[in-house]
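J.: Read off the chains here:
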Amino acid sequence: MATYRELLAQVKTEIDEVSSIEAHERLESSDGSIFVDVREPDEWDEGHIPGAVYTGRGRLEQRIEGLVPDKSRPLVVYCSAGSRSAFAAKVLEELGYLNVVNLAGGFSDWKRNGFETTIPRTLSPEQRSRYSRHLLIPEVGEEGQQRLLDARVLLVGAGGLGSPASLYLAAAGVGTLGIVDADVVDESNLQRQIVHSTDRLGEPKVESAKRTLEALNPDVRVVPFQERLTSENVDRILAEGWDVIVDGADNFPTRYLVNDASVWSGIPVVHGSIFRFEGQVTVFAPGVGPCYRCLFPQPPPPELAPSCAEGGVLGVLPGIIGSIQANEALKLILDRGDSLAGRLLLFDALGTTLDEVSVRRNPDCPVCGDHPTITEYIDYVEFCNAPVHH
Amino acid sequence: MAAVRIPPTLRAEVGGARELEADGSTVAEVIDDLIERYPPLASQLLQDGELAPFVNVYVGGEDVRTRDGLETEVSAGDQLILLPAMAGGN
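Protein chains in written order, with the numbering used here: chain A, 1 to 390; chain S, 391 to 480.
Note that these hints are calculated values from the structure, not bench results.
Possibly wrong hints are sitting among the right ones.
[Said to hold, decoys possible] Restraint-style ranges between C-beta atoms, simulated for each label pair:
1. Glu411/S - Pro302/A: 28 to 34 Å
2. Gly459/S - Leu67/A: 45 to 51 Å
3. Arg455/S - Pro218/A: 47 to 53 Å
[Said to hold, decoys possible] Under 10 Å between C-beta atoms, here's a sample of chain A residues computed to sit facing chain S:
4. Ser132
5. Leu135
6. Gly160
7. Gln298
8. Asp355
9. Ser358
Just so it is clear, CB atoms sit at the ideal spot from N, CA and C, and this is done for glycine as well.
Bound conformation, chain A alone (with noise of 0.2 Å):
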């Protein structure tokens, strides 16, 4: 039977180990290696490697496909000393990892040369329970929430689609939400715009969302625009800075505004429309995918665009695309999983279908195209809009 020393001495034997030194000059030519902290929590709290990933050595074997699948990519493995990470950089390679080096000397060592740490930003307990569903997901973690929490996401309309997506980005702890509508409660809004409430009728909308989101979770700031997004107003209020944009908008003019902005300011957006019992989603990413104008260059022209008095919306409908524009946010502020860029989703509720189609970048795009036609934004004829029919 092996003592604690032998059995280490003989790990050793059996991985290879890198200086501080030689580690240091892996993170500075950003090689590709992932640096893996096996440490106990509290240990990672008073700092780490920067950009290092956590996962303790008693649930590594569990957690690290899920944090590194890519098997073949370079791990440096450390602990305080390189002992623990010593018997992880083992069971590494045990898991099939095919180029895994412990950090001989470990953090300490790294320290002691002056090379640079991380001292993380730490959830605060009260976060820790309201995420720990959240923190269980792999693709989400501490660091996803950490990246929710900063993020910003601005969205255009308090009403069918921005209800549910606005609900479900600040349950998720999205730090900021702005929120542009102009409008006020109305009781023709209740039967599907779940954000507000029967005593908030007459209320400006992004006062009701502000004090329902910011009721459902204090990490949540909501920033309200109350007014319509016009060409004077659209410039101002994108200046903010935001990561992701909801384009829950109920006009053309407005639809194009945010697009023709969008591609301009680079931010992506997430846009879905409802109609009746159909619902459109998809995500307009600037340099990644097509724009709206790609997909629909002009709006029709107001005579054969769907009026408003034979329109209609099944109350269930804008719950379910807002919450799908919800997701496509979140994955896109966690830049995990596949985004809904360069596909369009249609959803039929009456049938329970889901049609996909595809969506490409055309050159000849008069916004985003090789040669763009349009560089000012355009004040389209306002049709459709009827403030007590919304």
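Given the structure of chain A, go ahead and fit chain S onto it with the hints provided.
T.: Just chain S now, kept in the frame of chain A:
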């Protein structure tokens, strides 16, 4: 014979149908067949003999503008999707 998915914004023009069967071996022929039976569709789908810029047609999930436009071939059993722009979000 192709199955054509009618979007909610155009259902009034076709008596409320969500899907229609139509004849034709190209997109143009399928659309002509539909317009012959439902003349009000003409202004919603075509402009100067071309597809209107505010409507898209997909065959097999691909925008026909990225293929051969109105001349894109349609095989028996293909699904066509007509998709006019719609703006509602409220």
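J.: Against this structure, judge whether each hint is valid.
T.: Status of each hint after checking the structure:
no.	hint	result
1	Glu411/S - Pro302/A: 28 to 34 Å	32 Å, holds
2	Gly459/S - Leu67/A: 45 to 51 Å	48 Å, holds
3	Arg455/S - Pro218/A: 47 to 53 Å	49 Å, holds
4	Ser132	33 Å, violated
5	Leu135	33 Å, violated
6	Gly160	5 Å, holds
7	Gln298	5 Å, holds
8	Asp355	7 Å, holds
9	Ser358	6 Å, holds
Figure legend: structure checked against the earlier numbered hints; hints not met, in rising order: 4 and 5.
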